[in-house]
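**Q** Each chain, written out:
4 protein chains.
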Amino acid sequence: MSASAATPCAVLLGHCPDRKGINAALTRFVAENEGNIVDYDQHVDAEQGVFFVRIEWELPGFRIPRERLGDAVRPLAESFGMSWQLRFSDVRPRMAVFVSKQAHCLFDILARVQSGEWRVDLPLVIANHPDLGEVVRRFGIDFQCLPVAPDTKARQERAQRELLSRHGIDLVVLARYMQILSPDFVAAFPNRIINIHHSFLPAFAGARPYHAAAERGVKIIGATSHYVTAELDTGPIIEQDIMRVSHRDSVEDLIRKGRDLETIVLARAVWFHLRNRILVYNNKTVIFD
Amino acid sequence: MSASAATPCAVLLGHCPDRKGINAALTRFVAENEGNIVDYDQHVDAEQGVFFVRIEWELPGFRIPRERLGDAVRPLAESFGMSWQLRFSDVRPRMAVFVSKQAHCLFDILARVQSGEWRVDLPLVIANHPDLGEVVRRFGIDFQCLPVAPDTKARQERAQRELLSRHGIDLVVLARYMQILSPDFVAAFPNRIINIHHSFLPAFAGARPYHAAAERGVKIIGATSHYVTAELDTGPIIEQDIMRVSHRDSVEDLIRKGRDLETIVLARAVWFHLRNRILVYNNKTVIFD
Amino acid sequence: MSASAATPCAVLLGHCPDRKGINAALTRFVAENEGNIVDYDQHVDAEQGVFFVRIEWELPGFRIPRERLGDAVRPLAESFGMSWQLRFSDVRPRMAVFVSKQAHCLFDILARVQSGEWRVDLPLVIANHPDLGEVVRRFGIDFQCLPVAPDTKARQERAQRELLSRHGIDLVVLARYMQILSPDFVAAFPNRIINIHHSFLPAFAGARPYHAAAERGVKIIGATSHYVTAELDTGPIIEQDIMRVSHRDSVEDLIRKGRDLETIVLARAVWFHLRNRILVYNNKTVIFD
Amino acid sequence: MSASAATPCAVLLGHCPDRKGINAALTRFVAENEGNIVDYDQHVDAEQGVFFVRIEWELPGFRIPRERLGDAVRPLAESFGMSWQLRFSDVRPRMAVFVSKQAHCLFDILARVQSGEWRVDLPLVIANHPDLGEVVRRFGIDFQCLPVAPDTKARQERAQRELLSRHGIDLVVLARYMQILSPDFVAAFPNRIINIHHSFLPAFAGARPYHAAAERGVKIIGATSHYVTAELDTGPIIEQDIMRVSHRDSVEDLIRKGRDLETIVLARAVWFHLRNRILVYNNKTVIFD
Chain A
34 MSASAATPCA
44 VLLGHCPDRK
54 GINAALTRFV
64 AENEGNIVDY
74 DQHVDAEQGV
84 FFVRIEWELP
94 GFRIPRERLG
104 DAVRPLAESF
114 GMSWQLRFSD
124 VRPRMAVFVS
134 KQAHCLFDIL
144 ARVQSGEWRV
154 DLPLVIANHP
164 DLGEVVRRFG
174 IDFQCLPVAP
184 DTKARQERAQ
194 RELLSRHGID
204 LVVLARYMQI
214 LSPDFVAAFP
224 NRIINIHHSF
234 LPAFAGARPY
244 HAAAERGVKI
254 IGATSHYVTA
264 ELDTGPIIEQ
274 DIMRVSHRDS
284 VEDLIRKGRD
294 LETIVLARAV
304 WFHLRNRILV
314 YNNKTVIFD
Chain B
34 MSASAATPCA
44 VLLGHCPDRK
54 GINAALTRFV
64 AENEGNIVDY
74 DQHVDAEQGV
84 FFVRIEWELP
94 GFRIPRERLG
104 DAVRPLAESF
114 GMSWQLRFSD
124 VRPRMAVFVS
134 KQAHCLFDIL
144 ARVQSGEWRV
154 DLPLVIANHP
164 DLGEVVRRFG
174 IDFQCLPVAP
184 DTKARQERAQ
194 RELLSRHGID
204 LVVLARYMQI
214 LSPDFVAAFP
224 NRIINIHHSF
234 LPAFAGARPY
244 HAAAERGVKI
254 IGATSHYVTA
264 ELDTGPIIEQ
274 DIMRVSHRDS
284 VEDLIRKGRD
294 LETIVLARAV
304 WFHLRNRILV
314 YNNKTVIFD
Chain C
34 MSASAATPCA
44 VLLGHCPDRK
54 GINAALTRFV
64 AENEGNIVDY
74 DQHVDAEQGV
84 FFVRIEWELP
94 GFRIPRERLG
104 DAVRPLAESF
114 GMSWQLRFSD
124 VRPRMAVFVS
134 KQAHCLFDIL
144 ARVQSGEWRV
154 DLPLVIANHP
164 DLGEVVRRFG
174 IDFQCLPVAP
184 DTKARQERAQ
194 RELLSRHGID
204 LVVLARYMQI
214 LSPDFVAAFP
224 NRIINIHHSF
234 LPAFAGARPY
244 HAAAERGVKI
254 IGATSHYVTA
264 ELDTGPIIEQ
274 DIMRVSHRDS
284 VEDLIRKGRD
294 LETIVLARAV
304 WFHLRNRILV
314 YNNKTVIFD
Chain D
34 MSASAATPCA
44 VLLGHCPDRK
54 GINAALTRFV
64 AENEGNIVDY
74 DQHVDAEQGV
84 FFVRIEWELP
94 GFRIPRERLG
104 DAVRPLAESF
114 GMSWQLRFSD
124 VRPRMAVFVS
134 KQAHCLFDIL
144 ARVQSGEWRV
154 DLPLVIANHP
164 DLGEVVRRFG
174 IDFQCLPVAP
184 DTKARQERAQ
194 RELLSRHGID
204 LVVLARYMQI
214 LSPDFVAAFP
224 NRIINIHHSF
234 LPAFAGARPY
244 HAAAERGVKI
254 IGATSHYVTA
264 ELDTGPIIEQ
274 DIMRVSHRDS
284 VEDLIRKGRD
294 LETIVLARAV
304 WFHLRNRILV
314 YNNKTVIFD
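Residue numbers (my numbering), protein chains in the order written: chain A, 34 to 322; chain B, 34 to 322; chain C, 34 to 322; chain D, 34 to 322.
Don't read these hints as lab results, they were simulated from the structure.
There's no promise every hint is true.
Using C-beta positions, here's what the derived DEER-type ranges look like [claimed, not checked]:
#  : chain 1 : residue 1 : chain 2 : residue 2 : range
1  : C       : P223      : D       : G239      : 29 to 39 Å
2  : D       : L265      : B       : E195      : 53 to 63 Å
3  : D       : E167      : B       : A220      : 33 to 43 Å
4  : C       : S148      : D       : P41       : 57 to 67 Å
5  : B       : Q212      : D       : P41       : 29 to 39 Å
6  : D       : V83       : A       : Q81       : 33 to 43 Å
7  : C       : G201      : A       : G239      : 44 to 54 Å
8  : B       : Y314      : C       : S116      : 31 to 41 Å
9  : A       : V284      : B       : I213      : 26 to 36 Å
10 : A       : Q118      : C       : P41       : 56 to 66 Å
11 : D       : E285      : B       : E111      : 33 to 43 Å
12 : D       : P98       : A       : N66       : 27 to 37 Å
13 : C       : G149      : B       : Q212      : 48 to 58 Å
To spell it out: a stretch of chain B is covered by chain D in this simulated footprint if at least three of its residues, at any positions, have a beta carbon under 8 Å from a beta carbon of chain D; those stretches are [what the hints assert, rightly or not]:
#  : stretch
14 : 137-145
15 : 291-300
Here a beta-carbon is modelled for each residue, glycine too, at the ideal position from N, C-alpha and C.
The task is simple: from the sequences and hints, build the whole structure.
**A** Here it is as structure tokens:
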């Protein structure tokens with residue numbers, strides 16, 4: 034994480050079948066065009082025979098202008114059969130947050146956006162309850178309340194997607210939004226919807242995980258942030274963390290302590306996403322940290 | 034944990050329906066008989082309405098001799114409908130360890146017994162493979178190899194139980210013993226068989242949890258020690274701990290790192306048991322730490 | 034932590050020279066007056082020979098009215114030479130927060146107060162910079178900016194103390210307030226000023242601890258919340274936590290990651306204080322958690 | 034960590050002033066000689082302007098035979114002003130362990146060596162007390178007791194160094210060896226002596242850290258493994274970890290709990306060293322994990 038925030042960089046993320054010479058070809062490409070690599074991270078999954086890479090290099094002084102960079106990378110990547118993405122560190126993504134009634138994750142996100150810790154725009158918060166509207170509007174952010182019931186769900190999702198489209202949203206963060214998105218919605222934002230689940234998945238998937246944890250008598254509770262896929266609570270895990278609990282903790286204590294876990298685990302996942310540090314492969318994440 | 038190891042103490046563990054006056058009655062009982070309480074820990078589970086208590090007081094100077102102490106406690110406990118156990122800190126329990134081929138938990142246990150960290154006798158190790166026999170015998174401990182196959186399991190369990198009986202075993206520790214004990218065996222040692230499972234239960238119960246963890250792409254792995262009950266991997270959890278992992282860790286790395294987790298989580302559970310700090314209620318543990 | 038938030042309780046915190054019969058006398062006092070104990074926690078420091086206790090019992094149904102409770106406890110406590118405090122769980126303390134320019138701890142506190150997680154009133158924020166005024170005022174809280182320079186420090190402290198007095202403040206929280214309070218100020222709020230220091234004390238006391246940590250090449254960073262005493266960074270520690278770092282983390286990364294640590298470690302300390310769970314003795318804390 | 038243990042690999046570790054093209058030159062060198070890179074990890078310290086790298090590639094199929102590899106790497110490294118080391122994964126280092134009376138770290142090391150977890154030979158244990166001799170000899174390892182007193186220290190160090198020389202020792206592990214080595218001794222094994230200190234350095238350097246921790250009332254204790262340098266407890270930190278403690282823990286509890294910390298933190302450091310994953314620069318470590 035040594036790149037200065039001030040210097041704009043290109044970031045290439047890719048994966049392909051492993052073979053000799055990929056590192057050499059990629060680094061030569063950057064070097065021949067006078068690029069200064071600030072971060073180079075590669076990983077080989079020996080069991081699956083897959084090569085993963087993230088290269089970040091400075092744009093100033095690089096011979097290929099950014100608008101032609103994709104065209105320049107393409108033949109190189111294709112020669113290795115590489116799936117790849119190109120990002121630029123000075124582009125500010127646009128994020129929407131979905132909430133329900135609980136404020137802790139939302140509040141934390143507002144703080145990180147407002148303080149400039151995160152390089153992101155947050156123009157839109159969508160809720161299925163009106164409770165958090167006042168706080169959101171204090172920050173000058175558009176707050177849209179779209180209550181969801183079984184018979185209105187399809188219609189409300191259309192409204193949600195129209196709002197996302199109108200605001201040019203790149204990333205959706207479900208900050209304890211208690212509704213399940215339809216497969217269509219999810220398919221429209223592949224690896225661009227981040228959810229926080231209040232257990233260490235795969236334990237206690239589904240509803241009321243703290244109650245289930247108390248019932249089972251576990252000595253640790255956890256939280257899991259993941260990309261949302263069509264199947265509930267089974268998407269690629271981005272980050273997890275845990276906290277020790279004991280018999281002295283009632284369900285209410287677990288809920289209270291868990292809020293802090295949820296907040297931090299969601300924030301770390303969004304951070305990795307915003308910094309272009311996540312590759313998804315085979316329903317798992319490679320986090321180039 | 035302020036009791037000096039040197040002074041013999043009585044330990045009363047109990048639970049009963051919660052009501053007013055239990056603390057007063059128990060502490061008065063000790064005080065009236067000139068007992069010096071070195072540790073008093075109580076817990077009320079408000080949801081279930083259950084009172085849990087552990088009292089540890091010094092035996093020297095206490096007016097009731099230890100052999101009559103049970104009789105003295107009984108009417109008091111019965112007046113509250115209390116389930117109770119009485120232990121003495123200077124009694125050395127007798128422990129047997131069951132192993133298979135893996136050495137790490139066994140080695141750690143041998144070290145703790147040999148160094149005197151644990152106040153316990155370890156006269157017997159039972160294995161279903163001969164591999165660890167040489168190490169065990171170096172420590173002057175009886176090593177019995179009883180290979181288990183589907184058609185010999187019942188016979189071998191009889192042999193195991195006879196060995197346990199002959200050695201006067203109080204506590205059985207399954208130190209990565211890869212066999213499932215029969216319900217009959219388990220019923221003969223209620224809350225006296227401790228197992229280590231190599232996942233953070235309830236996630237990844239059953240076989241090959243590290244492979245399942247790698248497959249799911251979790252960011253933490255765990256280990257769980259629990260009392261063995263008739264149903265696999267669902268007994269009362271005593272202790273759990275976790276370790277961060279990443280995409281860089283292969284299944285072999287998880288297995289290697291997990292060994293350290295298993296070792297420490299099992300050791301902590303045995304420690305709590307040996308110090309008479311565990312109460313089991315409703316398939317959960319209260320750990321008076 | 035099983036006491037229902039709804040039922041008002043009395044909390045007795047005390048410490049005295051250890052001897053036989055204290056537990057019995059205290060629990061009898063509650064029982065004889067028809068009190069229902071919801072939490073009883075005691076600790077004996079065997080090395081120092083000191084007995085510590087926290088008793089929490091329900092006020093409804095208790096025979097002694099709360100306004101006479103102190104008088105009733107006094108002779109009992111005096112008979113053991115006990116230093117004691119009596120608190121009531123339904124009293125809302127009044128808290129002031131001191132800040133400088135950094136927002137993360139303040140934001141977190143605002144969220145916990147606003148959501149009702151903390152039972153406390155927050156009428157006043159004092160800052161030595163104007164930066165956070167806008168956010169604080171959005172929450173309807175009095176924001177007072179009192180810049181401090183060497184020659185104005187004494188005068189500004191008088192202004193601060195007058196504000197605290199006018200708002201009836203019980204607890205001062207230094208949420209990354211970068212000024213040192215005078216011994217006089219500190220003496221006026223014994224064990225009622227909580228600070229967050231951005232290192233695992235006693236390592237890296239003083240200024241710029243993250244720079245010092247990076248310079249030393251540590252593999253963990255920490256944060257420490259403590260009561261403020263006249264000597265810098267040496268007051269009784271309430272809570273600490275840590276985070277793993279690596280050579281990949283620049284000083285800026287440490288500062289960024291550390292913010293999350295500071296936030297949570299300060300919040301936990303304030304929580305313990307507000308719940309009347311801290312006893313200070315010999316410059317150390319007993320946390321009845 | 035994806036390299037198969039079975040395939041012999043070359044490992045190049047190096048650091049040099051950062052500039053463009055280093056990655057490209059190094060990876061081209063491997064690719065042009067038909068090397069298959071199994072792990073490539075680089076790091077740029079932007080503040081110091083230093084480039085760090087670790088490359089691991091398979092020897093089978095590589096065109097340059099291992100005995101000529103150093104000569105082949107030299108001009109390339111020199112062109113960048115790189116300090117470098119070349120290692121081979123199939124070479125078994127030879128390790129000596131220094132102990133005093135405490136067994137926990139030694140026991141753990143014996144278990145890891147015996148089980149084959151560590152690829153290392155352990156022909157020699159040196160002690161300043163005879164206590165652990167019996168255990169060591171059970172494993173067929175040479176145990177040499179060399180008691181150290183102020184007036185015999187120089188002579189005993191000569192004897193120690195002669196033993197190390199005779200056994201062809203590459204790595205010395207101080208497993209709670211309570212003596213300080215002379216600067217001469219240390220200078221003879223630069224970055225090849227690993228010590229475990231029982232605190233989270235730089236807190237509680239020097240003697241009796243658990244007593245100091247209890248005196249200060251910290252809420253976490255730690256352990257630190259580091260390379261030994263001439264100045265006490267200030268060498269490059271390799272690994273640290275911590276454990277939560279509370280007022281309930283006496284000094285004896287801290288010592289007992291700390292043993293587990295010391296054991297694991299030392300083991301992780303030795304593992305990194307044995308896997309050629311540590312670069313030392315500016316009294317800090319880069320751990321390529």
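**Q** All hints are to be evaluated individually against the structure, with a verdict given for each.
**A** These are the hints, each one checked on the structure:
| no. | hint | result |
| --- | --- | --- |
| 1 | C:P223 with D:G239: 29 to 39 Å | holds (32 Å) |
| 2 | D:L265 with B:E195: 53 to 63 Å | holds (57 Å) |
| 3 | D:E167 with B:A220: 33 to 43 Å | holds (41 Å) |
| 4 | C:S148 with D:P41: 57 to 67 Å | holds (59 Å) |
| 5 | B:Q212 with D:P41: 29 to 39 Å | holds (38 Å) |
| 6 | D:V83 with A:Q81: 33 to 43 Å | holds (34 Å) |
| 7 | C:G201 with A:G239: 44 to 54 Å | holds (47 Å) |
| 8 | B:Y314 with C:S116: 31 to 41 Å | holds (36 Å) |
| 9 | A:V284 with B:I213: 26 to 36 Å | holds (32 Å) |
| 10 | A:Q118 with C:P41: 56 to 66 Å | holds (58 Å) |
| 11 | D:E285 with B:E111: 33 to 43 Å | holds (37 Å) |
| 12 | D:P98 with A:N66: 27 to 37 Å | holds (35 Å) |
| 13 | C:G149 with B:Q212: 48 to 58 Å | holds (52 Å) |
| 14 | 137-145 | holds (count 5) |
| 15 | 291-300 | holds (count 4) |
Going down the numbered hints, you'll see the structure goes against none, and every one checks out.
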